[in-house]
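All chains, please: the whole structure from these sequences, using the hints.
Protein chains in written order, with the working numbering: chain S, 1 to 456; chain B, 1001 to 1176.
Hints are computed from structural coordinates only; laboratory data are not their basis.
Be aware that one or more of the hints could be misleading.
As the list claims (entries may be wrong) - Computed, partial: chain B to chain S, Cβ under 7 Å:
(1) ILE1042
(2) ALA1056
(3) PRO1057
(4) VAL1102
(5) LEU1103
(6) GLU1106
(7) LEU1110
(8) ILE1137
(9) GLU1141
Claimed, not checked - Keeping only pairs whose Cα atoms sit at most 25 Å apart, straight-line, the calculated DSS-like set for lysine-lysine is:
(10) LYS1138/B to LYS429/S
(11) LYS1138/B to LYS31/S
(12) LYS195/S to LYS1138/B
(13) LYS31/S to LYS429/S
(14) LYS1159/B to LYS1138/B
Even for Gly, the Cβ is constructed at its ideal location relative to N, Cα and C.
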Amino acid sequence: MPDFTKGEEKDIRDTIAWAQINGDVLRSLSKPRFAFWALFTFALCLFSIGVACEVYQWRRGLGVANFDNPHVWGLYISTFIFWIGMSHSGTLLSAILHIIHADWRKPIYRFAEAMTTFSLMTAGLFVLIHLGRLWKFYYSLPYPSERMLWPNFQSPLLWDAIAIFTYLTSSILFLYVGAIPDFAICRDNATGWRKHFYSMLSLGWMGTDRQWRSFRVTYLTIACFLIPLAVSVHSIVASDFAMSQQPGWHVTSFPPYFVAGALYSGCAAIITLFIVLRYTFRFEEYMTMPILDKVGRLTFAIAMVWTYLNFVEYASVWYGDDMYAKDLLIQKATGPYSPFWWGMNFCGSVVPLLLLSKSVRGSPTAMMIVSLLLNLGMWLERWMIVAPTFSHGYYPWSMDHDQWPGFVQWGIVLGSFGWFGLLFMLFCKLVPSVSMYEVKEMVYHRTLAQRHAREA
Amino acid sequence: MSTIRILGLFDDFDAAAHSIREVRDGHFPALKMDDVTIKSPIEHPDVEELLGDRPAPIRKYTFAGSILGGVLGFLFLASSQGNFFAQHKGGKPIIPLPPDLVLTYELLILGGVYITVLGFLICAGLPARMRSDLYNIKISEDQIGVMVKSDAHTVAEIKKIFERHHALSIAEEVIE
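In structure tokens, the structure reads:
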């Protein structure tokens, strides 16, 4: 039996027929396993809980979420950062790995791109939800106002709005443009309303050389734009904290720390959804164990970068001259938030060491558990950035002001996972979650390389 | 004389490439190589060598979009800030450059991406009406199409070439 961890097994079987690729992927749009509907129902239930909590909060005010002064962000902004971080998965797999010609990304980049788009759509909701009065959102728009509410262009919060809008629309365009050839395949094989739907989305794509050439240049160009954009988005989110004077937030290394954390949580989520899709849509032929092994190695590398930056942050606070920041660090490690802070360090820095084991990387069940723990760690990281600082500020009245989030906050956080799950499941049912033309390219180029090797 | 379009379908890139080379080397007086089109499920690896350089000027759109996005973005921000005359700035500049540069950077990317996609649609001829072109659904699956537009005599010769290279099917249509 070949050992894929030594590169003996191929990322994808290169004898697979192109027609079979179409057939397998198109089947996923119509006949998923029962698990798909079970997950869809579960996501719908979570989403319903979130909606109910939001309606309750809307009617009664933010107090029901257990917000008070200084705890004004709570889980909402923690989860906002978590989802923004998750959005870096698509950029990593689609843009960065595309530019460095890592062709093993081809069977799995489409769902990672979808994750980017839906994560951003989920993150954006929290910006609205944390305001409490949703209907007053337009107050923050930049126009001369008789209410004397002026948007502050020096505030990273406004930069956030523009950066996230740019990232969201660019990601949607990147996802859409990259899927046009696959929409054409769907159009050619569909009937009924799906035929009309895919005809509209494929824009009359016929695979001419002119179209392919334009497509290749466009895809590469948008990928080049997305990489600095993704870095800037999470740097700006980091600036929301780092540009303040609050202890624990005013840290120079926050932007790279946030970017590394984003790539890390994005990678972990890719592993989770890789395994879910592989089983649900019978994608064993495309989402292969050697590819999962590579994603596991990549996740481990990024986890170590994150761990390093985490220790840099601790060291700079410990050896620095800011007694409030040092006091906060001690409080994180020993105070009421300590189980979560240690949990974050354990899940974020110790659990990824399991990825060194070949048997862990070779087991979908083990990888699923590891990826969920990594994501838990990354979510705790965001919570441990937001909550302890609010509970241990400069002023006596804000010291030891611990606060446990109310059930409304927890409900809305769960609802966000449901919302993301619903969008993702619907996407997988309507759009091929494996890029058919890219897998064909992968198979073709590998076959061609073998032929050239034989001839040489 | 009427103009005819012919589409030959081939099993693989090699057969399609051989037939295109023979068409190109046939030196048909009425045929322009710009009227030869490859239709394929993935991009043909040797398309430039077969059909010559057919540049797609998308990067010009990208450049223009980025410049427009950056300049218009900065003007939008600066004019918004300039209108907030009633705001007390406490001695700080009305149009602060460092934060505006961050926002201009984002809007530069926004303009670049949007106009790149516009350039893609223009250069790729999309959206297109499929009824106006020869097409076979096997092209999106696993077959390679070679489409040539020319007069009836040349098309008859090209049809023979396609047959010599074992075209799986050949379709024709009169376009004018």
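Open item on the list: Let me make sure I understand: some of the numbered hints might not hold for this structure. Which ones are they, in numerical order?
Closed with: 3
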